[in-house]
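*Asks:* Kindly generate the complete structure, drawing on both the sequences and the hints.
Number of protein chains: 4
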Amino acid sequence: MRHSKIILSIAIMLLTISAGFIAPKKKVVFFGDSITQMGVNPGGYICRLDSLLKTKVQGNNHELIGAGIGGNKVYDLYLRMDDDVLAKNPDVVVIWVGVNDVWHKVWGTGTDADKFEVFYKAIIKKLQARNIKVILCTPAVIGEKTDFTNQMDGDLNKYSQIIRDLAKTNNLPVCDLRKVFLEYDKQNNPENKEFGILTTDKVHLTDKGNELVAEEMLKVIAGF
Amino acid sequence: MRHSKIILSIAIMLLTISAGFIAPKKKVVFFGDSITQMGVNPGGYICRLDSLLKTKVQGNNHELIGAGIGGNKVYDLYLRMDDDVLAKNPDVVVIWVGVNDVWHKVWGTGTDADKFEVFYKAIIKKLQARNIKVILCTPAVIGEKTDFTNQMDGDLNKYSQIIRDLAKTNNLPVCDLRKVFLEYDKQNNPENKEFGILTTDKVHLTDKGNELVAEEMLKVIAGF
Amino acid sequence: MRHSKIILSIAIMLLTISAGFIAPKKKVVFFGDSITQMGVNPGGYICRLDSLLKTKVQGNNHELIGAGIGGNKVYDLYLRMDDDVLAKNPDVVVIWVGVNDVWHKVWGTGTDADKFEVFYKAIIKKLQARNIKVILCTPAVIGEKTDFTNQMDGDLNKYSQIIRDLAKTNNLPVCDLRKVFLEYDKQNNPENKEFGILTTDKVHLTDKGNELVAEEMLKVIAGF
Amino acid sequence: MRHSKIILSIAIMLLTISAGFIAPKKKVVFFGDSITQMGVNPGGYICRLDSLLKTKVQGNNHELIGAGIGGNKVYDLYLRMDDDVLAKNPDVVVIWVGVNDVWHKVWGTGTDADKFEVFYKAIIKKLQARNIKVILCTPAVIGEKTDFTNQMDGDLNKYSQIIRDLAKTNNLPVCDLRKVFLEYDKQNNPENKEFGILTTDKVHLTDKGNELVAEEMLKVIAGF
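Residue numbers (the working numbering), protein chains in the order written: chain A, 2 to 225; chain B, 2 to 225; chain C, 2 to 225; chain D, 2 to 225.
None of these hints come from the bench; they were simulated from the model.
Keep in mind that a hint or two might mislead.
Calculated cross-link-like contacts (lysine to aspartate or glutamate; reagent style DMTMM-like; alpha-carbon spacing at most 20 Å) [claimed, not checked]:
no., chain 1, residue 1, chain 2, residue 2
1, D, K116, A, D83
2, A, K194, B, D166
3, A, K122, D, D84
4, A, K180, A, E212
5, C, K116, B, D85
6, D, K126, A, D85
7, C, K116, B, D113
8, C, K159, D, E195
9, D, K116, A, D113
10, A, K126, D, D85
11, D, K127, A, D84
12, C, K194, D, D166
13, B, K194, A, D166
14, B, K116, C, D84
15, A, K169, B, D148
16, C, K116, B, D84
17, D, K159, C, D202
18, C, K159, D, D148
19, B, K159, A, D148
20, B, K180, A, D148
21, D, K159, C, E195
22, B, K116, C, D85
23, D, K127, A, D83
24, C, K203, D, D113
25, C, K169, D, D148
26, C, K126, B, D85
27, D, K159, C, D166
28, C, K122, B, E195
29, D, K126, A, D83
Some chain D residues well away from chain A (every beta-carbon gap over 10 Å; in silico) [what the hints assert, rightly or not]:
no., residue
30, K106
31, L183
32, A223
All residues carry an ideal CB built from backbone N, CA and C; glycine is no exception.
*Replies:* Here you go:
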């Protein structure tokens, strides 16, 4: 009896250790703006993604870390990536930026498209130099109208295309939230509302918005 | 012989007079910005429309008058309508404005959507008070890219919709150049060029652009 | 005794009537933006000016009428001058506009300097054609910092100079509130605050601001 | 005879070597935008400064290196500082940036004041971590009018003050070109011209402008 208990204990210990070896914890940093800053709150997309990974992905072992700061543009990410991303030794970094680069043009401090690309590239390069897996996301929406009258749609599409092209060139997965949000709103916003479907205010996410983002990210992150 | 000559002369005179009574000349003023200012040049849309009316419309008797000034926004039209339009006693006024109201936002001096509507309404009201027929046009394009990445497309669609709604409310014909240009570019701009199809520089018309505008306007004006 | 009382009464009545003939009521319309809209409130500059005229100016007989609407730029004044000014048959019109023409450039819908001048001129011309006395005012401030770091100061000075030049050219009195506010803040804002001295929010008036405006306007209006 | 020649040769060699030891070449990198990019051209401020250092400063031994790129803002400098500055192992870096951060607000892609400061600080910190001497410069002008009507003056003064404060906090020398240009124009631009005194186009330097910058920089750099 005593022997069997000891053997069982050892077996459990070995299993635990081997599990550790088989599936070491994967650190995933979510690097972005206010949408990501709010993503770690209860109901936020990072919280939801954590639940989804735990319930839907067998043997999952991800540690999700939020690194979002309100008002951030692509060059703000570049500036703080040493402290807020590299210092955490992540295995995977999900970059989700672009809304403020476009939006802030309205009051004079957006980002030129060519510089958006240059800084985005520099971030990718620096992460890859550390053998960190990189996942790109396109900026979702600024306004949810479905009759093509959202003021910033032209630029959002342009900057999203820059990101898709960077993903292709660098052979990186892209979570195309722009596409997903446009399609969802087309189906679910028959009244052509400016916000209230996936966003509370044209930009920040409702519960449904957070759910949709979590589901989309799951598809890409589960594989890592 | 002499008698017959006199009778012929009288007959010709009478015919001329009666022709004058049957088809009195209709004055059409084209009221707009630089696109219309250039429209009176050889090859311009007003010139072409004049030819089309003469060759294609039986018994046509229109006098086309250009009243376009570069850089004009809707409130500029309102300011100069007494001198440049009403003073000419037109039968019909074609209003084509909106590109600068949207475009000039880039450097800080565009027109708010609500004020665009208010001034547009005021112009219509003042023309109708004089029993002048009014034809509305939507602003065509600022950039001809067909992948939805033209920066100003959202606003152009919004301001075009304001014009379409004003046409509906006031029971006025609308020459929907925005729609026509988008459809033409979709068919004829497979390389996703920013300009060079219907415009020389994203805004001002090529020969093909002038031709297309003339054809579209013909459909609306021929009826008057 | 009775006779003398009756004679006195008649004399007083006649004096009252004649006073009415000698000094008929002068209608003064204040034509402007939100600052003027708030000017008719208790403590507002129009209210204060009314008190000052009644207490300080012998034989005063002015009727002050507010015609301010929030967000108005010079072209908005032009649009509504028939309904809101001319329809009231004023003797004097005080034009105070310019802050929004400059300020709204920040989000894309300010007014170009050359068009500001053209519309301002058109308003003056239309008032003068009706023999209405016109008083011009320069826009006061957008920010009260005294170390020359208010973002819009360059343009405010430029548009104020346009107004001063229009006053000179048209031989009109100008109430130079820009100058008065700059001097007051220089003396009374040693801490270089952005607002809180003459404005509550960089633009709209504190009690002291309303008092200063009323005093300055008194100097110009008392003479009419 | 032969001996004396050998001794002379040795003496010259020793002198050369000792000169090298006494005054090792000091590398000065000029880090900035188009103004600095043009500064290395004949007549440019870097060229002129080189001449001044050679003729006016005894025992001078500076090597001046231009590192200016047109259109650069403070975050562009941060992005390329490894390649364009640190890789050159400079002893001194002169930072001259700010015009585009303010100017480009006009078309929507300027830099917020708080972010201007954050990036500027980050550049200083990274240079000081390498024991590189840092010299700060304030942005000179965007427009030379002397009646306080240059559109961007408020912001230029604000951003210049940020730089002066950073210099004070970090105990760094500052070449206050904003102050120098304002004073020079006040004395030498009685006609209130927008450009043509120190700039060819409101921003880029005339011969006189380059001369003035070279003279001002000489005062600060000679000491290093």
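*Asks:* Next step is simple, just say for each hint if it's right about the structure.
*Replies:* Hint check results:
1. D:K116 with A:D83: 17 Å, holds
2. A:K194 with B:D166: 18 Å, holds
3. A:K122 with D:D84: Given that 20 Å is the threshold and the Cα spacing comes to 15 Å, the pair holds.
4. A:K180 with A:E212: Holds - the C-alpha atoms of E212 (chain A) and K180 (chain A) are around 16 Å apart, at most 20 Å.
5. C:K116 with B:D85: Holds - the C-alpha atoms of D85 (chain B) and K116 (chain C) are around 17 Å apart, at most 20 Å.
6. D:K126 with A:D85: 18 Å, holds
7. C:K116 with B:D113: 16 Å, holds
8. C:K159 with D:E195: 12 Å, holds
9. D:K116 with A:D113: 16 Å, holds
10. A:K126 with D:D85: 18 Å, holds
11. D:K127 with A:D84: 14 Å, holds
12. C:K194 with D:D166: Since the Cα atoms of K194 (chain C) and D166 (chain D) sit roughly 18 Å apart, the hinted pair holds (cutoff 20 Å).
13. B:K194 with A:D166: 18 Å, holds
14. B:K116 with C:D84: 17 Å, holds
15. A:K169 with B:D148: Cα-Cα ~18 Å, so holds.
16. C:K116 with B:D84: Since the Cα atoms of K116 (chain C) and D84 (chain B) sit roughly 17 Å apart, the hinted pair holds (cutoff 20 Å).
17. D:K159 with C:D202: 19 Å, holds
18. C:K159 with D:D148: Between K159 (chain C) and D148 (chain D) the Cα gap is close to 9 Å, so the pair holds against 20 Å.
19. B:K159 with A:D148: Distance of about 9 Å is within 20 Å: holds.
20. B:K180 with A:D148: Between K180 (chain B) and D148 (chain A) the Cα gap is close to 13 Å, so the pair holds against 20 Å.
21. D:K159 with C:E195: Holds. K159 (chain D) to E195 (chain C) sits at ~12 Å (cutoff 20 Å).
22. B:K116 with C:D85: 17 Å, holds
23. D:K127 with A:D83: With Cα atoms ~13 Å apart, K127 (chain D) and D83 (chain A) stay inside 20 Å; holds.
24. C:K203 with D:D113: With a Cα-Cα distance of about 19 Å, the restraint between K203 (chain C) and D113 (chain D) holds, given a limit of 20 Å.
25. C:K169 with D:D148: Holds, because 18 Å separates the two Cα atoms, which is no more than 20 Å.
26. C:K126 with B:D85: Holds, at roughly 18 Å.
27. D:K159 with C:D166: The hint is violated at about 29 Å.
28. C:K122 with B:E195: Distance ~39 Å between K122 (chain C) and E195 (chain B) Cα, so the pair is violated.
29. D:K126 with A:D83: The given pair, whose Cα atoms are some 14 Å apart, holds under the 20 Å limit.
30. K106: Not fine: 4 Å to the nearest Cβ puts K106 (chain D) too close to chain A.
31. L183: 24 Å, holds
32. A223: 34 Å, holds
In terms of the numbered hints stated before, the structure departs from hints 27, 28 and 30, listed from lowest to highest.
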